[in-house]
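Could you put the whole structure together from the sequences, leaning on the hints where they help?
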Amino acid sequence: MTAWAERESPFDAEVRSDGNEAFVVDLDGFAGPIDVLLSLARSQKVDLSRISIVRLADQYLDFVAAARRRSLQVAAEYLVTAAWLAYLKSRLLLPRPVLEDDEPEPEALAAALAWQLQRLDAMRRMGHRLFARPQLGRDTFLRPAAKVPAAPSVPAVPAGACTLTQLLAAYAGHLKRQQTPRLVVTPSSLMSVDAALARLRAGLGAVPGWESFLRYLPEECLNDEADPLTTRAAVAATFVACLELAREGAVRMRQARPFGPIFIIAAEGGSTGGG
Amino acid sequence: MADDALRLLEAMLFTAGEPLNERWLARRLPAGSDVKRLLARLAADYAGRGVQLVRAGETWAFMTAPDLGAQLAADRSHELKLSRAAIETLAIIAYHQPVTRADIEQIRAVHVSKGTLDVLFEQGWIAPQGRRDTPGRPVTWGTTDLFLRHFGLTSLKELPDAAELRAAGLLDAAPAAILGLPAAECEGSAAQ
Amino acid sequence: MADDALRLLEAMLFTAGEPLNERWLARRLPAGSDVKRLLARLAADYAGRGVQLVRAGETWAFMTAPDLGAQLAADRSHELKLSRAAIETLAIIAYHQPVTRADIEQIRAVHVSKGTLDVLFEQGWIAPQGRRDTPGRPVTWGTTDLFLRHFGLTSLKELPDAAELRAAGLLDAAPAAILGLPAAECEGSAAQ
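Chains as they are written, first to last, in the numbering used here: chain A, 1 to 275; chain B, 1001 to 1192; chain C, 2001 to 2192.
Just so you know, these hints were derived from the structure itself, not from any lab. Warning: the hint list may mix true and false statements.
[What the hints assert, rightly or not] If we take Cβ atoms under 7 Å as the criterion, some of the chain C residues that face chain B in the derived model are:
| no. | residue |
| --- | --- |
| 1 | Gly-2050 |
| 2 | Gln-2071 |
| 3 | Glu-2158 |
Keep in mind it's a predicted model, so treat the numbers as computed, not measured. Glycine included, each C-beta is placed from N, C-alpha and C at the ideal position.
What follows is the structure in structure tokens.
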């Protein structure tokens, strides 16, 4: 027999009745009333399609009574189910009264309950069957994606594309990050007036004669691929720096006409060291 | 074995390290190749060997034979332990798909806690399949090819006892609303 | 092929990502196995196939047949693994379309490199949808039919909304990390 078939059923632990069918009351072990009902139904040791619903109702009512005797906290849904089963039992046993128009037959209710228990039982067994199968990564193995190509020019062949699972997980991850907003201060890459001043002071002495102040812009602002915002900031900062240096007397500025080019020149005898 | 398309197919599957889709493979074979026939032939070539070519849905992969698992894996500590709730939920999705969350809750008569679908989704075993044309247009869930691959199933038809369960009417839509079984508030301690 | 030692040997060599030493193999085979004879037989089994068992000194490895190298390498240039940033950008386009690049940057609060959009565009998953009537008239992006086909969706309405993602528990864990998505934070690696 193979190793995986010998594994313990994950569901074995729930059946706790002893030989006398006195149920060990442990509400914590159950996932709700239907879980209790299924365990009790199994304790009848018959095919689930032939369980006695009247007996199941008795078993369940005993179970809930025992739990309450032990002062266990019994959640409301257990009591609702108890009341419903007591009602169903009485309907199944008592001579049939005339039914209201919209009232279901008690036998139909009993059959539906038996069916629901059978279905849940089947799903549990199938879950167990699935996990008893050989599993990838435990019993079967894929070849690892080649870390090193086995031979020159023999690549790994990745399937590449992304799955819906990954897509949804990415979006969920994005939404999740949004739930916890955080402040991110991104450093500005725009030129400051201080930086422009430093540039101008360093560069002025090297240029004789009048020159457009745009010549003093950093080179990366002058080519065609420059980001317009960065260039505009550099122009503005450099212009303000020119005005500042003119105020200090370090440069002279000239503009021949409105909106015309602006020229600057180092002031003769003026201090370029600033004040 | 002189068939170049077959050899190329074999080499692609062998080096992939992950399952490959039929259409993906077809695009990479010489024009006019019958990818399905070639895959079937390749699978037959490897039948009984220590390595086998296995289909899961539309994907194919070489993998080691299941009976060698114990000898190949000395260490099983990485094995995923799923809660009982998650195992049960996976079975319900596999057999009843496409199912909504409400369907699952009805079958289990327990609220499906967050984390149950989550863990199955993270494994890549389930995925949303669309929406149901009912009020609220709820999302429906189904299993993936990765699910088939993980459990060594070629297709959903191979789910254990599927035919028997269907014949017994246990996979039919539920008339359970008439039952007095309120869904328990949470799966709580049922997990593990 | 009933020889269990041979099948185990084949499976070990298959799952190894690297060449294996004869002595290492011998220690893992059933006692009394003649590893050299088994290796020779396995190599003979694979002779002429698309995959071959090749010896180098005392180590052995499966590798693809040398004559297939060019055909296998030809595919490779078309393949890409999407970075986490690219997948997230795609998700945001899918959910928020039509969006401009500035919108995406605002939503993700991260700079989106042009390369990321290029990669998605080249896949045929996104396409320009027009221009927005705002200063600069920026291009807006949306997903394509190919996107729907690739992800098995009939329409965009099938994407689960935030509430449904939350209901499935996907907003509680950190799925991306668990799924083992590429962790590249840097957009530069959008395509590898």
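Hint check results:
no. : hint     : in the structure
1   : Gly-2050 : holds, 3 Å
2   : Gln-2071 : holds, 6 Å
3   : Glu-2158 : holds, 5 Å
Checked against the numbered hints given earlier, the structure satisfies every one of them.
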